[in-house]
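Start from the sequences and build out the full structure, keeping to the hints where you can.
The sequence shown maps to residues 1 to 171 in the numbering used here.
Honestly, I wouldn't trust all of these hints.
Claimed, not checked - For each label pair, taking beta carbons as the anchor points, the in silico distance ranges come out as: (1) S59 x Q30: 35 to 45 Å; (2) N34 x T130: 16 to 26 Å; (3) F35 x V159: 11 to 21 Å; (4) N24 x K67: 33 to 43 Å; (5) E146 x L41: 34 to 44 Å; (6) K140 x A169: 13 to 23 Å; (7) Q30 x Q3: 24 to 34 Å; (8) A116 x E88: 14 to 24 Å; (9) E146 x S119: 18 to 28 Å; (10) A147 x L41: 31 to 41 Å; (11) N13 x E112: 40 to 50 Å; (12) R32 x E80: 26 to 36 Å; (13) K67 x K151: 20 to 30 Å.
The set of hints was computed from the structure by calculation and includes no laboratory data.
Glycine included, C-beta positions come from ideal geometry on N, C-alpha and C.
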Amino acid sequence: MDQQVTIRPFTRNIAERLAQLANNKNVVAQVRDNFPSPYTLSDAHYWIDFCNGRNNAQSFHRAIYYKEEFVGGIGVLRQEDIHRNNAEIGYWLGEPYWGLSITTAAVMQMTEWIFANTSITRLYAGVFETNPASMRVLEKAGYKLEAIHRKAIIKNGQVLDEHLFVKLAGE
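Next up, the structure:
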């Protein structure tokens, strides 16, 4: 595992860097519409406070650091009711850091932590068909393509396939 990549709780001192990296059309193009755009300093403070205020077993959010510098975010959201042992993993990385295997290391660390510290036994991620780099991240982290949900999502007015990747505890 890459020792230069760590995942840590969000802290207020990274708010400006968070807003700077997240306010990027190329990042926004590959994430859900609820990711703010433009991404302001106020959005960064809101997100950091939200992450630090959630002391429950339903969601886990971490900042991604590379060489001690904040570079992105990763999170896991537990599902409910009969799906309570399933959780969705999601992540984003500042564009200057793309292609350095940082996200793969972060996904591996978060996955290992979730399986070791929670009752979650199945992690999944939905990836836009337009994001082969994210698919490769998941494959390198040991996730397997389980399904392609045809024309299941809409992003920027474009109807796209969603590729569903899954990793089970113990695999």
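How the hints compare with the structure:
1. Our hint of 35 to 45 Å for S59 and Q30 is violated, since their Cβ atoms are close to 21 Å apart.
2. Range check, N34 to T130: Cβ separation about 18 Å, and the 16 to 26 Å hint holds.
3. Checked against the hint of 11 to 21 Å, the pair F35 and V159 passes, with Cβ atoms roughly 19 Å apart.
4. The given range of 33 to 43 Å is broken by N24 and K67, whose C-beta atoms sit roughly 20 Å from each other.
5. Range check, E146 to L41: about 38 Å between beta-carbon atoms, so the 34 to 44 Å window is met.
6. The hint said 13 to 23 Å for the Cβ distance between K140 and A169, and at roughly 19 Å that hint holds.
7. Checking the proposed 24 to 34 Å range against Q30 and Q3 shows it holds: the Cβ atoms sit about 27 Å from each other.
8. Checking the proposed 14 to 24 Å range against A116 and E88 shows it holds: the Cβ atoms sit about 18 Å from each other.
9. The beta-carbon spacing between E146 and S119, approximately 21 Å, falls within the hinted interval of 18 to 28 Å.
10. A beta carbon spacing of about 39 Å between A147 and L41 agrees with the range 31 to 41 Å that was offered as a hint.
11. At about 26 Å, the CB distance of N13 to E112 disagrees with the hint of 40 to 50 Å.
12. At about 18 Å, the beta-carbon gap between R32 and E80 misses the expected band of 26 to 36 Å.
13. Evaluation of the 20 to 30 Å hint for K67 and K151 yields a failure: the beta carbon distance comes to about 40 Å.
Hints 1, 4, 11, 12, 13, counting from the list given before, are not met by this structure.
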